[in-house]
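Protein sequences appear in the order of chains G and D.
When we follow the working numbering, the leftmost residue of the first sequence carries the number 26, and every step to the right adds one.
When we follow the working numbering, the leftmost residue of the second sequence carries the number 3, and every step to the right adds one.
Treat each hint with caution, since some may be false.
[Stated by the list, open to error] Chain G residues, not near chain D, derived (Cβ > 10 Å throughout):
(1) Gly41
(2) Thr75
(3) Asp139
[To be verified] Using 25 Å as the maximum straight-line C-alpha spacing, the simulated DSS-like pairs for lysine-lysine come out as follows:
(4) Lys205(G) / Lys13(D)
(5) Lys52(G) / Lys209(G)
(6) Lys205(G) / Lys15(D)
(7) Lys54(G) / Lys215(D)
(8) Lys54(G) / Lys209(G)
(9) Lys209(G) / Lys15(D)
(10) Lys188(D) / Lys215(D)
(11) Lys13(D) / Lys143(G)
(12) Lys13(D) / Lys209(G)
Calculated from the structure, these hints are not laboratory results.
All C-beta atoms in this analysis are idealised placements derived from N, C-alpha and C, irrespective of residue type, glycine included.
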Amino acid sequence: MNEALSDPILISFIGGLLVSTYLMFIKNKNTTNLLMSSLAFAGVGIISSTYTYIIHNKMVVQGTTSFCSSEGFIQCGSVIGDPQWNNLLGVPWGIFGVISFSLLIFLSLSLYLDRHAKWADDYLNYSWWASLVGLPFVALLVVIELTQVEQAPHICPFCTVAHLSLIGYVASIYYLKDNKLNSKWSEQE
Amino acid sequence: MARRRKALAPKGKDEDVRIVAGFALGSILTALMILVVIIAPPATVGPSEGELAPDFSADAYAGSNWENFKLSDTFDYEWEEGESGEWILIQFIDTDCPYCWSEGESMSNLHAEWSNDVKFITIAVELSLSGHDSNREEVESFRDQTSYGTDANDGDGCNSGRDNCMNRPGNTHNWDYIEGSSNIMKDWEVSGTPFLVVLQPDGYVAWNQGENKGETIEAAMQRVVGGSQ
Chain G
26 MNEALSDPIL ISFIGGLLVS TYLMFIKNKN TTNLLMSSLA FAGVGIISST YTYIIHNKMV
86 VQGTTSFCSS EGFIQCGSVI GDPQWNNLLG VPWGIFGVIS FSLLIFLSLS LYLDRHAKWA
146 DDYLNYSWWA SLVGLPFVAL LVVIELTQVE QAPHICPFCT VAHLSLIGYV ASIYYLKDNK
206 LNSKWSEQE
Chain D
3 MARRRKALAP KGKDEDVRIV AGFALGSILT ALMILVVIIA PPATVGPSEG ELAPDFSADA
63 YAGSNWENFK LSDTFDYEWE EGESGEWILI QFIDTDCPYC WSEGESMSNL HAEWSNDVKF
123 ITIAVELSLS GHDSNREEVE SFRDQTSYGT DANDGDGCNS GRDNCMNRPG NTHNWDYIEG
183 SSNIMKDWEV SGTPFLVVLQ PDGYVAWNQG ENKGETIEAA MQRVVGGSQ
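Given the sequences, and given the hints that come with them, work out the whole structure.
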């Protein structure tokens, strides 16, 4: 097995993704669970983005890091360590992840705390559109990993966790919108 | 008479929970940023003295063919002040810039004197000036002193097209010539050429020509690199 895949931190992140997915599908996709699922996905996303930023800083200052493998197909070294592709306009991708997932956490948490507020409809739409905006960036980053970085192709596992978190978030918001549309928003209805 | 009771629609809470959400998010972000600062604080990256040199990955020509070159691969991250190590001299040039043309000789002299302790790197960029277009062949000829262009002032060749590249002052530059880009120029804040920077073996900027107006590169090498030996 690839050394990178046996990293306990990576396994924790994968566990987080599985829990988030489980929350999405239990109890007939009720609103409370879907909101918890979206929060869990965004939580895994913000923590994994922070972790990629930590790896980025280590790579810049030390040239290497024990936090992620630099060998093989699945690795971070050639992806996060590539000075040409590890940033957008000089800002590391991890920072973009932290900012984006912060916005999604705020929207989901607000909805979770009061789903009947007068702004709830707007916030649900903001969550939907904000998360959709992130998907082309995920596609771009996967293409970069597979074709552009040093000795491509590579896949950075922690970056992939952040990408999957966003995709999971989009799915949970999709089901939430579906609940809203079909009058299943409030579980009493 | 029986009254019909209207079904109550769920109401939102009286208080604005968005403030609570904002505080919760602020706490999460604060915790994460503290974690970053403890585990891996971000380095100050830039071309100024004391900063970590901006890294780049680009194609380099070392006399035979163009191969990928990553600046940070030349860094010795374990190096500590007072230890011996290979320093790095980075020169930005434009093959059509007259000052870079004449600096060819002093670079040859510097290389003869310091090549045991210092790695020389030249980054060939293109200034946004008319007559400053260049290509790989011109860069190769500038480095190797091989024939490219004419000695007539016809825009063909090096030194704003005034000279055949083979007549560049100095000797063949036996070190890496990097294909520069606008991104590298931006990261290194290069506004004109020639421009010189000396890096410590660990990649931190020890001397920046722009910050030491009046000090020649020869004096700087003696002070910064020579003083450390």
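Now for the hints, and whether the structure bears them out:
Here Gly41(G) stays apart from chain D, with its beta-carbon at least about 14 Å from theirs, past the 10 Å limit. At roughly 5 Å, the least C-beta separation between Thr75(G) and chain D is not larger than 10 Å, which violates its mark as non-interface. For Asp139(G), the requirement that its beta carbon stay farther than 10 Å from each beta carbon of chain D is not met, with the minimum near 4 Å. Taking the CA atoms of Lys205(G) and Lys13(D), the gap is near 15 Å; set against the 25 Å cutoff, the hint holds.
Taking the CA atoms of Lys52(G) and Lys209(G), the gap is near 12 Å; set against the 25 Å cutoff, the hint holds. For the suggested pair Lys205(G) and Lys15(D), the alpha carbons sit about 19 Å apart, so the restraint of at most 25 Å is met. For the hint pairing Lys54(G) with Lys215(D), the CA-to-CA distance comes to about 68 Å; that exceeds 25 Å, so the pair is violated. With a C-alpha separation of about 10 Å, the suggested pairing of Lys54(G) with Lys209(G) holds against the 25 Å cut-off.
At most 25 Å may separate the alpha-carbon atoms for a hinted pair to count; Lys209(G) and Lys15(D) meet this at roughly 19 Å. Only pairs whose Cα atoms come within 25 Å are accepted, and Lys188(D) paired with Lys215(D) is accepted, the gap being roughly 21 Å. Distance hint between Lys13(D) and Lys143(G) is fulfilled; the C-alpha atoms sit about 9 Å from each other, no more than 25 Å. Restraint check for Lys13(D) and Lys209(G): satisfied, since their Cα atoms lie roughly 15 Å apart, inside the 25 Å limit.
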